[in-house]
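Visitor: Take a look at the letters that make up each chain.
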Amino acid sequence: MRFSDILIIGTAVMLLLSILVVVLVIFQQKQVIQHKLAIRDKDLQLQKERLLAILQGQEQERKRIAEDLHDEVGAQLSVLKLNLNQLQPLLKTGNGEMEQLKETKDFTDTIIQHLRFISQSLHPQALENLGLSKALDSFCNLMNKNKQVKILFKDEGGQQDVDIEKALNIYRVVQELINNILKHAQATQIEITYRSTPNLLQINVIDNGNGLLLRSLDNSRQKTGSLGLKNIESRLNVIGGNIRYLPGQNCGTIAEIRVENFQRPEE
Amino acid sequence: MVNNIKVAIADDHKIFRSGVINTLTPYENITVVFEAEDGAHLLQIMEEQQPDVILMDLKMPNMDGIEATKKVREKYANVKVIVLTMYEDDNFIVHLIENGANAYLLKNAEPGEIYEAICTTYEKGFYFNENVNLALLKKVMHKNKQHFKPTFRNEVQLTDRELEVLRLICNEYTTQEISKEIFLSPRTVEGLRQKLLEKTGAKNIVGLVMHAFRNGLIE
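Line by line, the protein sequences are chains P and R. Note that my numbering has the first sequence beginning at 131, numbered continuously upward. Note that my numbering has the second sequence beginning at 31, numbered continuously upward.
Treat the hints with care, since some could be wrong.
[Unchecked claim] Part of the chain R face toward chain P, derived, beta carbon under 8 Å:
| id | residue |
| --- | --- |
| 1 | Val50 |
| 2 | Lys89 |
| 3 | Met93 |
| 4 | Lys100 |
| 5 | Met116 |
| 6 | Glu118 |
| 7 | Asp119 |
| 8 | Asp120 |
| 9 | His125 |
| 10 | Ile127 |
| 11 | Asn129 |
| 12 | Asn138 |
| 13 | Pro141 |
| 14 | Tyr145 |
[What the hints assert, rightly or not] Capping the alpha-carbon separation at 30 Å, the derived lysine-lysine pairs in DSS-like fashion look like this:
| id | chain 1 | residue 1 | chain 2 | residue 2 |
| --- | --- | --- | --- | --- |
| 15 | P | Lys193 | R | Lys36 |
| 16 | R | Lys229 | P | Lys193 |
| 17 | R | Lys210 | R | Lys168 |
| 18 | R | Lys169 | P | Lys277 |
| 19 | P | Lys178 | P | Lys166 |
Just so you know, these hints were derived from the structure itself, not from any lab. The beta-carbon is built from N, C-alpha and C at its ideal position, and this holds for glycine as well.
Could you build all of it, start to finish, from the sequences and the hints given here?
Guide: Next comes the structure, spelled out in structure tokens:
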């Protein structure tokens with residue numbers, strides 16, 4: 131064997147070995163990356179589950195407080211009103227007793243009215259009994275009572291039942307959106323349209339404000355300050371929905387909420 | 031004054047039931063015959079005895095007032111149901127009236143109103159206060175807006191021409207004005223008007239307009 135042969139064979143072996151090493155290294159790197167990705171996926175999944183648990187816990191707590199207020203305190207206040215009424219025939223007249231009793235009764239009514247507002251904001255009872263569309267309509271009625279803004283609700287059809295968990299999240303998203311519009315957009319009118327087909331539920335919230343909702347959205351994406359709009363995104367994330375914000379025709383903002391697979395599973 | 035109306039109360043709060051009973055005591059023509067703690071309890075007692083009027087809470091354990099109202103309506107057609115609840119919500123009002131409630135009151139209603147509701151539902155079959163009227167009116171207006179489809183559900187088929195005339199009539203057009211609007215002679219318009227009356231079975235123009243209204247033809 132000549133020296134040159136040995137050289138060639140040696141070089142070839144060395145080359146093969148180095149290729150093997152490179153391949154091994156790449157393979158190992160790939161495994162490491164895959165492992166990292168798996169861990170991150172798991173982390174994300176865990177985060178989503180944690181968020182879901184927090185949201186669910188929060189809702190349960192709100193529901194409990196709303197029901198306690200509405201059912202217990204409400205019933206007691208109603209009895210108070212009935213008792214006040216029974217005082218009426220016993221009163222002496224002439225020194226303004228009647229007027230004072232009437233004032234007290236009116237005041238009781240005001241407290242009851244406040245109680246209704248608080249408990250309905252905490253938890254919409256209509257959602258469980260009458261479904262998402264009616265609950266949103268009731269929410270608009272409630273908001274219209276304090277006259278800050280005029281909200282018009284339009285149900286454009288679709289009879290599909292919405293899964294109760296998802297319905298509550300969608301309700302909260304709309305509630306949050308309205309809160310944001312009231313806070314930032316200086317709108318005088320808001321229109322909510324509700325449309326469902328077997329595969330897609332779409333709710334549009336259109337305001338006639340200054341379009342600041344779009345800007346505050348950008349801001350909230352950059353910093354962690356604005357909880358409201360973040361909340362909207364995380365809630366929709368949990369139920370597999372999404373939201374788009376578009377500039378309105380003349381002014382204001384159009385928010386488009388879309389949720390697929392929203393229907394209540396058949397029993 | 032109607033004599034001796036038998037009233038039952040279904041509510042899960044004892045304190046509220048007692049409050050209502052105390053309130054009704056001064057009215058001599060009303061007797062509270064029994065109290066029930068929830069919907070299921072109410073129906074159980076009703077197997078034995080039936081009141082004339084039930085004061086029904088909505089939110090109750092076991093069986094709520096919505097379910098109980100439906101059941102009462104199914105089984106005892108003559109028993110009147112007055113919803114007495116904390117929920118002030120148009121959608122609840124409409125839903126309950128649709129499902130057979132004869133009146134809808136809030137728990138902080140004046141005793142006089144509760145008494146009036148009991149007497150009126152007993153005598154006339156229903157008692158609608160302003161809350162109920164407004165909720166129902168809103169629903170009717172809303173429905174018309176949503177089903178703005180020029181079709182009559184109950185087998186009345188109208189031609190496009192006839193529909194056009196009907197809509198103009200609803201907008202207070204006279205025969206003369208209609209004929210100008212759609213380029214037909216007044217005689218033909220009169221013929222179409224007769225045809226509309228025939229087809230819808232209405233006796234006069236008011237009936238025709240009511241028909242159009244009920245079927246969602248007016249915007």
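Visitor: If a hint holds in the structure, say so; if it doesn't, say that too.
Guide: Cross-check of the supplied hints:
1. Val50: Because about 7 Å separates R/Val50 from the closest Cβ in chain P, which is inside the 8 Å limit, the hint holds.
2. Lys89: holds (6 Å)
3. Met93: violated (13 Å)
4. Lys100: violated (12 Å)
5. Met116: The hint holds - R/Met116 has a Cβ within 8 Å of chain P, the shortest such distance being about 4 Å.
6. Glu118: holds (6 Å)
7. Asp119: At 5 Å from the nearest chain P Cβ, R/Asp119 passes the 8 Å test, so the hint holds.
8. Asp120: Hint on R/Asp120: holds, closest Cβ of chain P at ~6 Å, below 8 Å.
9. His125: holds (6 Å)
10. Ile127: violated (13 Å)
11. Asn129: Hint on R/Asn129: violated, closest Cβ of chain P at ~11 Å, above 8 Å.
12. Asn138: holds (5 Å)
13. Pro141: holds (5 Å)
14. Tyr145: violated (11 Å)
15. P/Lys193 to R/Lys36: violated (36 Å)
16. R/Lys229 to P/Lys193: violated (53 Å)
17. R/Lys210 to R/Lys168: Violated, at roughly 35 Å.
18. R/Lys169 to P/Lys277: At roughly 21 Å apart (the allowed maximum being 30 Å), P/Lys277 and R/Lys169 satisfy the hint.
19. P/Lys178 to P/Lys166: holds (18 Å)
Hint compliance for this structure: hints 3, 4, 10, 11, 14, 15, 16 and 17 are not met, and every other hint is.
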